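J.: The lines below spell out each chain.
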Amino acid sequence: MVAKRGAMTDNLQTARSFMSALPHAIALGMQIVDLGNGRASVIMPWDARFVGDPVTGVIHGGAVSALMDTASGAAVMCHPAGPLGTATLGLRIDYMRPATPGHTLRATAECYHVTRSVAFVRVITTDEDVLNPVATATGAFTIEGVVGAMP
Amino acid sequence: MKRPAPEPVAVIKERREAVLKALVGGVPYIGFLGIQFDRRGDELTAILPFRGDLIGNPMLPALHGGATAAFLEVTAIIVLSWSLLWDDMEKAAGGAAVIDPANLPRLPKTIDFTIDYLRTGLPRDAYARARVNRSGRRYASVQVEAWQDNHARPFAQGAGHFLLAGRDE
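Top line first, the protein sequences correspond to chains E and B. Take the first sequence: its letters are residues 1 to 151, numbered as in my numbering. Take the second sequence: its letters are residues 1 to 169, numbered as in my numbering.
It should be emphasised that the hints constitute simulated quantities derived from the structure, not laboratory data. Please read these numbers as outputs of a predicted model, since none were measured by experiment. C-beta atoms are modelled at their ideal positions from N, C-alpha and C, and glycine is treated no differently. Treat the hints with care, since some could be wrong.
[Unchecked claim] Computed beta-carbon distance windows for the label pairs: (1) E:Asp47 with B:Asn103: 24 to 30 Å; (2) B:Lys13 with E:Gly145: 52 to 58 Å; (3) E:Tyr112 with B:Glu7: 55 to 61 Å; (4) E:Asp129 with B:Glu43: 39 to 45 Å.
[As the list claims (entries may be wrong)] Here are the simulated EDC-like cross-link-like pairs (lysine to aspartate or glutamate), alpha carbons at most 20 Å apart as the crow flies: (5) B:Lys109 with E:Asp127; (6) B:Lys109 with E:Asp94; (7) B:Lys13 with B:Asp38; (8) B:Lys21 with B:Asp88; (9) B:Lys21 with B:Asp42; (10) B:Lys91 with B:Glu14.
Just chain E, same shape as in the assembly (with noise of 0.2 Å):
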């Protein structure tokens, strides 16, 4: 994903700006539910067009890249540090087990070191049985710009 800040004043403006300037997100229903110090949860509610197997209805894995992708790109812009804008450079999915039909995906990013240009993320995604992760990645976003960073 890639993303770049305008004037904000919180988080939870961060977070509706953030979304609204995404439209593959919103095509994809996505909603932040959290946000903040470099950590973002962001929701895709099961939709029948999303479906990559269409004999078990099973959300296709592009569309959890997506998610991860998004939550990812959103805990790196909330991170401290500041960053004006990001861009996801690498991204590394695992699929642990099909996500459950039906069922709403939540994906939570942590955006736990940045440098001056990249910032390392992992994000995991689970459906509504939470303690039995759907896919995890682990990724690495350019860092355009720290505001109060020398250039």
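Since chain E is already given, all that's left is putting chain B on it; use the hints.
T.: Just chain B now, kept in the frame of chain E:
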């Protein structure tokens, strides 16, 4: 001894197109993203026609990394499935329907998938091709690359492992 007459090309094409259409058409998410497949012999090229709701950042504007990831993963799964179906499909030469497009084998399941974002995805059509590097009894390893205007300048590449469904379950 006289050889049997070769199968008319129209019949071969029709059979291949029917299987491809059933394979791709059965996946709702492929339709949601609007991905199409172009076939030349056994070679498939995936096409993601540009649409406004594929955008991640309207400021640039750039394709959403998730749309790119999904495009790569869809291409990998379809190309892998297609390669698994190919031999059986070609055995159908002569009329024996070895593959029933209405009753295709289960799709492979993604075990892991790694995406490298090489350049910003532009607001244009994107193309992708995948290569099955290894396909064993239970697992397959697939590589995929996506480009836009210029094939020599890919904007994303991916690699993943897949569990081949229905073979050892």
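J.: Each hint: holds or not?
T.: A quick look at each hint next to the structure:
no. : hint                              : in the structure
1   : E:Asp47 with B:Asn103: 24 to 30 Å : holds, 26 Å
2   : B:Lys13 with E:Gly145: 52 to 58 Å : holds, 54 Å
3   : E:Tyr112 with B:Glu7: 55 to 61 Å  : holds, 59 Å
4   : E:Asp129 with B:Glu43: 39 to 45 Å : holds, 41 Å
5   : B:Lys109 with E:Asp127            : holds, 18 Å
6   : B:Lys109 with E:Asp94             : holds, 11 Å
7   : B:Lys13 with B:Asp38              : holds, 13 Å
8   : B:Lys21 with B:Asp88              : holds, 16 Å
9   : B:Lys21 with B:Asp42              : holds, 14 Å
10  : B:Lys91 with B:Glu14              : holds, 15 Å
In this structure, none of the earlier numbered hints is contradicted; all agree with it.
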